[in-house]
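**Q** Quick mapping for you: the protein sequence lines, in order, are chains E and P.
Letter by letter, the first sequence follows residues 12 to 167 in the working numbering.
Letter by letter, the second sequence follows residues 12 to 167 in the working numbering.
Hints were generated in silico from the structure; no laboratory data involved.
Any given hint might turn out to be false.
Pairs involving identical chains hold if they fit within one copy or between any two copies, as the list cannot separate such chains.
No more than 30 Å apart at the CA atoms, straight line, and that leaves these computed lysine-lysine pairs for DSS-like [said to hold, decoys possible]: (1) K130 <-> K154; (2) K68 <-> K130; (3) K68 <-> K156; (4) K130 <-> K156; (5) K154 <-> K68.
There are 2 protein chains.
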Amino acid sequence: MSNSGPDRLYLDDLHVGQRFRSASQRIGEDEIKAFAAQFDPQPFHLDEAAARETLFKGLAASGWHTAAVTMRLNVETGLPLAGGLVGAGGEISWPAPTRPGDSLHVESEVVELIPSRSKPDRGIAVVMMRTINQRDEVVQILKAKLMVSRRPIGRH
Amino acid sequence: MSNSGPDRLYLDDLHVGQRFRSASQRIGEDEIKAFAAQFDPQPFHLDEAAARETLFKGLAASGWHTAAVTMRLNVETGLPLAGGLVGAGGEISWPAPTRPGDSLHVESEVVELIPSRSKPDRGIAVVMMRTINQRDEVVQILKAKLMVSRRPIGRH
Chain E
12 MSNSGPDRLY LDDLHVGQRF RSASQRIGED EIKAFAAQFD PQPFHLDEAA
62 ARETLFKGLA ASGWHTAAVT MRLNVETGLP LAGGLVGAGG EISWPAPTRP
112 GDSLHVESEV VELIPSRSKP DRGIAVVMMR TINQRDEVVQ ILKAKLMVSR
162 RPIGRH
Chain P
12 MSNSGPDRLY LDDLHVGQRF RSASQRIGED EIKAFAAQFD PQPFHLDEAA
62 ARETLFKGLA ASGWHTAAVT MRLNVETGLP LAGGLVGAGG EISWPAPTRP
112 GDSLHVESEV VELIPSRSKP DRGIAVVMMR TINQRDEVVQ ILKAKLMVSR
162 RPIGRH
């Protein structure tokens, strides 16, 4: 929960090609249905029998549920950025659905670093985040633009 | 919840420039904190006092919470597509944060229609979705690629 501390990374500590890997988290059928009931109440996310008749061919998590779990993994174990993880936006896709019982982890790679011209205390890190299940299938690709603090002068 | 019915739209029923507007939904402080505790446990989403010291200058919803509420609004009152709302991916940005007590609605516009070459029963609709608060500020822009069914032969 703390966004400061000696092991937190500033923009100046990042380099293109740097990689991070989060811990894993299992997504249960009850969680898939609870998220869907609250935010994406469609048959293929709520009901196994109904889902079999759809293009998902079985119960699948909402893509936004996969995105939310990806965020939790990155906040807690994935990307130890000073100031926390603040996204300005990005490109997202879901090449495969998350299924009940899947264990997901996130593999991230810094692809671009853009210091701000107008605000010398910050910049943008573009990070490619792949959310991967226990069968090594990529269930989400997120190319995220993160706002990252520069290292304060005098702090090492 | 039903994804069929006479008033549901197939790809063939959509045209570029077509607009849709969802109902509004209020987002309370408790909901913001509950979502954050589960999926985005960072101080600026969890604690008003801590949030004032961050670049958010006060409690703000996780962008993924705004995305999830946007999905619910579109599923229930925004986009009445046959087969439901199935996203392949898209581009997302959060120009302003969602604040406690904000009422959000979604304004969507069809910007491109791409029938599948390999699968004659479906296609992609590219839809620009703007999530807007009660002060007419845009809190999220999502350019979504949705998989949409073609009208079955013989069904009118």
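**Q** For each hint, tell me whether it holds in the structure or not.
**A** Hints versus structure:
1. In this assembly of identical chains, the alpha carbons of K130 and K154 lie at most 30 Å apart whether taken from the same copy (23 Å) or from different copies (28 Å).
2. For a Cα distance limit of 30 Å, the shortest separation of K68 from K130 across copies, 17 Å, qualifies, whereas the shortest one inside one copy, 49 Å, does not.
3. Taking the shortest Cα distances, K68 and K156 sit within 30 Å of each other only across copies (20 Å), while inside one copy they are farther apart (33 Å).
4. For a Cα distance limit of 30 Å, the shortest separation of K130 from K156 inside one copy, 16 Å, qualifies, whereas the shortest one across copies, 34 Å, does not.
5. When the C-alpha separation of K154 and K68 is checked against a cutoff of 30 Å, the pair qualifies both within a copy, at 28 Å, and between copies, at 26 Å.
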